[in-house]
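Each residue of the sequence shown is one higher than the last, beginning at 1 in UniProt numbering.
Do not take every clue at face value.
Per label pair, the in silico range of CB-to-CB distance [claimed, not checked]:
| no. | residue 1 | residue 2 | range |
| --- | --- | --- | --- |
| 1 | Asp151 | Trp22 | 29 to 35 Å |
| 2 | Arg126 | Glu40 | 21 to 27 Å |
| 3 | Glu154 | Gln113 | 19 to 25 Å |
| 4 | Glu131 | Val19 | 34 to 40 Å |
The set of hints was computed from the structure by calculation and includes no laboratory data. Cβ coordinates follow ideal geometry from the N, Cα and C atoms, glycine included.
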Amino acid sequence: MRLSELLRQEDLLVPLEAVDKWDAIARLVAHLVKCGRIPEDARGELLELVLARERSMSTGMEHGIAIPHAAVDALDELVACMGVVQSPEGLAFEAIDARPSYLVVVLLIPRAQKLLHIRTLADVARVLRQESVRQGLLSAPNSQGAWKVLDEAEAD
């Protein structure tokens with residue numbers, strides 16, 4: 001799956017300003033409501049599912065990437081958003097490489113679609129592992145600039 005199939009420009013939050021990973025997750029779920037991707041009345045439940053998943057096992061990966069996610073019953077289709085942390089200290093996501101995270105992608109995946117769940121996690125990680133993509137996103141001045149980086153990465 002291409003990230004452009006998963007994300008829209010308005011699903012990007014650049015910069016993502018958060019004090020810790022819990023705040024980042026809450027801000028990204030709130031951004032999903034603001035963008036009309038999830039209903040306001042489902043916000044609390046969906047946020048708690050992502051937080052519970054994060055408490056059970058950190059979603060911090062290598063290379064400054066974190067992919068907090070949850071399998072949910074409340075949605076019929078996959079929903080995602082991405083935040084770019086531009087502060088030099090990043091966020092502690094207890095990543096595999098013990099480094100801070102700067103690219104945070106929240107995924108809400110319908111529980112019944114287990115194959116989609118696994119495939120989407122792998123596809124997001126594959127694109128974001130590219131050094132040029134990460135650097136482009138980190139230097140993007142806004143969501144429009146970040147979208148351009150993703151669009152160009154997928155054109156190659």
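Do the beta carbons of Asp151 and Trp22 sit within 29 to 35 Å of each other? Once the Cβ atoms are compared, 31 Å apart, the range 29 to 35 Å for Trp22 and Asp151 holds.
In this structure, is the beta-carbon distance linking Glu131 and Val19 contained in 34 to 40 Å? violated (28 Å)
Is the distance from the Cβ of Glu154 to the Cβ of Gln113 consistent with 19 to 25 Å? Since Glu154 and Gln113 have Cβ atoms about 22 Å apart, the given range 19 to 25 Å holds.
Pairwise beta carbon distance, Arg126 to Glu40, judged against the given window 21 to 27 Å: violated (33 Å)
Of the hints listed earlier, those the structure fails to meet are numbers 2 and 4, in rising order.
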